[in-house]
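Colleague: Given next are the chains, with one letter for each unit.
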Amino acid sequence: MNKNLYFSIGSAPSDAADDALMINADLFVAMHPVTATTSIMLFLDRANTGGANTQITLTHASGMNIEVMEDVSIAMAGEPRDGFIVIADATGGEFCSRHITDCALTQL
Amino acid sequence: MRNTNLYFGLTAAATQAFNNVDCSGAQTFQLTTGGFNNPIPVGEAFLSNGGAKVTVTAHANHSFGSAYGSPTAGTEVDITAACTIHASNGTITVAKVATDAVNGFTGDASTAANNDFDVTQLKPYATAHGIMYNSGKLAGIAVSGGATTALNFVDNAGVLAAADTITVTHGSGLQKTFMQELTDVIADDNRVTGMVVVRDDMRDINLTLQNASGIASVA
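Each protein sequence line maps, in turn, to chains A and F. Count along the first sequence from 1, add 517, and you get the number used in the working numbering. Count along the second sequence from 1, add 6, and you get the number used in the working numbering.
Bound-form chain A, shown alone:
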């Protein structure tokens, strides 16, 4: 199954460049804590230029980095019929983990 991960940064309306992103799950490389309240997801360049990676920073409750990584992994392991998996939709208030509160996209 071809899976895609959805992110939005909370802009309302979500209509400017890079307000939201759907990225092929196969481009996901790694994820790690940054601070006690943020963890980062690293993808191969979504523009497919072979350049710098695409980074998604998730803001979450303090000290819950490992739980967020587990929840993201569970979400990615899901098999929805449409292959559309919401990891963090800050605009729509939908998150794959109850610990996540916000989302930021960088180096797109």
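Don't read these hints as lab results, they were simulated from the structure. Beta carbons: idealized from backbone N, C-alpha and C, even for Gly. Be careful, since some hints might not be right.
To be verified - Examples of chain A residues lying across from chain F (beta carbon under 10 Å, computed):
1. Ala533
2. Ala534
3. Leu538
4. Val551
5. Phe560
6. Ala578
7. Ile583
8. Met586
9. Glu587
10. Ile591
Said to hold, decoys possible - What follows is a list of derived Cβ distance ranges for each label pair:
11. F:Ala222 x A:Phe601: 38 to 44 Å
12. F:Val165 x A:Pro597: 55 to 61 Å
13. F:Ala156 x A:Arg615: 50 to 56 Å
14. A:Gly568 x F:Thr126: 51 to 57 Å
15. F:Ala73 x A:Asp543: 48 to 54 Å
16. F:Ala168 x A:Ser528: 32 to 38 Å
17. A:Asp543 x F:Arg209: 37 to 43 Å
18. F:Asn217 x A:Pro597: 31 to 37 Å
19. A:Pro597 x F:Glu50: 33 to 39 Å
20. A:Glu611 x F:Asp194: 29 to 35 Å
21. F:Ala193 x A:Asn519: 19 to 25 Å
22. F:Asp194 x A:Ala533: 39 to 45 Å
23. A:Ala534 x F:Gly179: 51 to 57 Å
24. A:Ser528 x F:Thr199: 28 to 34 Å
Said to hold, decoys possible - Covered stretches of chain F, as calculated for chain A (at least 3 residues, CB under 8 Å):
25. 50 to 63
26. 125 to 131
27. 164 to 177
Fit chain F to the known structure of chain A by using the hints.
Modeller: Frame of chain A; chain F shown alone:
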């Protein structure tokens, strides 16, 4: 097979000791970047969310809330439930029994030397503490020593001609056993819910309970 992510806990738990704490007034001590970890944890919920634990060496002159029973002098007692942490500067405050009759703790107000606390990290929270890789980005696994195996992943910074290398230390000569353990777990959808801990030095967790390859550490 489902998508599987592999987690590696790369550092041991940080600890900081606070000995001879003055408990005559407010019972406070402050985590430091040099003593605990750089950076120190942020967020008022860090302790209540299980990010670290606070313990005290019980003394006859200490008073404990009802939740602790009657600890014997000399034993290490987990008093995290009595503690709060500042949102950003790492200062931990321990509530006294007079304030919290259940979870509170009151140290020896007359002799600071009887008040020894320890703070121990329980979860990763900084970049170097751990990393989770997409198993699909595992390019290869190679023997790298008598008791080590190197896992090469696609570079997480997006550099095409580079790789991230994770080195697992295990029993001598058990490289093939480790590789088979790893692929067996990755391939088994019934055992995997998404994230697999290959080795976590902080929490002392291995790939399997049986640990046939004798996994001991990761770097």
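Colleague: According to a criterion of three or more residues whose C-beta lies within less than 8 Å of a C-beta of chain A, is the stretch 125 to 131 of chain F covered?
Modeller: holds (count 3)
Colleague: So the hint says 28 to 34 Å: do the beta-carbon atoms of serine 528 (chain A) and threonine 199 (chain F) match that?
Modeller: 33 Å, holds
Colleague: Counting residues of the stretch 50 to 63 of chain F that have a beta-carbon nearer than 8 Å to any beta-carbon of chain A, does the count reach 3?
Modeller: holds (count 8)
Colleague: Does the hinted range 51 to 57 Å hold for glycine 568 (chain A) and threonine 126 (chain F) at CB?
Modeller: 41 Å, violated
Colleague: Holds or violated: is there a CB of chain F closer than 10 Å to the CB of glutamate 587 (chain A)?
Modeller: Check passed: Cβ of glutamate 587 (chain A) comes within 5 Å of chain F, closer than 10 Å.
Colleague: Please check whether alanine 534 (chain A) passes as an interface residue: C-beta within 10 Å of a C-beta belonging to chain F.
Modeller: 20 Å, violated
Colleague: Using 10 Å as the Cβ threshold, decide whether valine 551 (chain A) counts as touching chain F.
Modeller: 6 Å, holds
Colleague: Going by Cβ atoms only, is alanine 578 (chain A) closer than 10 Å to chain F?
Modeller: This hint holds: alanine 578 (chain A) lies near chain F, its Cβ roughly 6 Å from the closest one there, short of 10 Å.
Colleague: Can you tell me whether the CB distance of alanine 534 (chain A) to glycine 179 (chain F) sits inside 51 to 57 Å?
Modeller: With Cβ atoms ~55 Å apart, the hint holds.
Colleague: Can we keep the phenylalanine 560 (chain A) interface hint, with Cβ of chain F closer than 10 Å?
Modeller: OK, holds: phenylalanine 560 (chain A) within 10 Å of chain F, min 8 Å.
Colleague: CB of alanine 168 (chain F) to CB of serine 528 (chain A), is that within 32 to 38 Å?
Modeller: With Cβ atoms ~34 Å apart, the hint holds.
Colleague: Would the hint on isoleucine 583 (chain A) be counted as holding, given a Cβ-Cβ threshold of 10 Å to chain F?
Modeller: 5 Å, holds
Going through the hint list in order, the structure does not satisfy hints 1, 2, 3, 12, 13, 14, 17.
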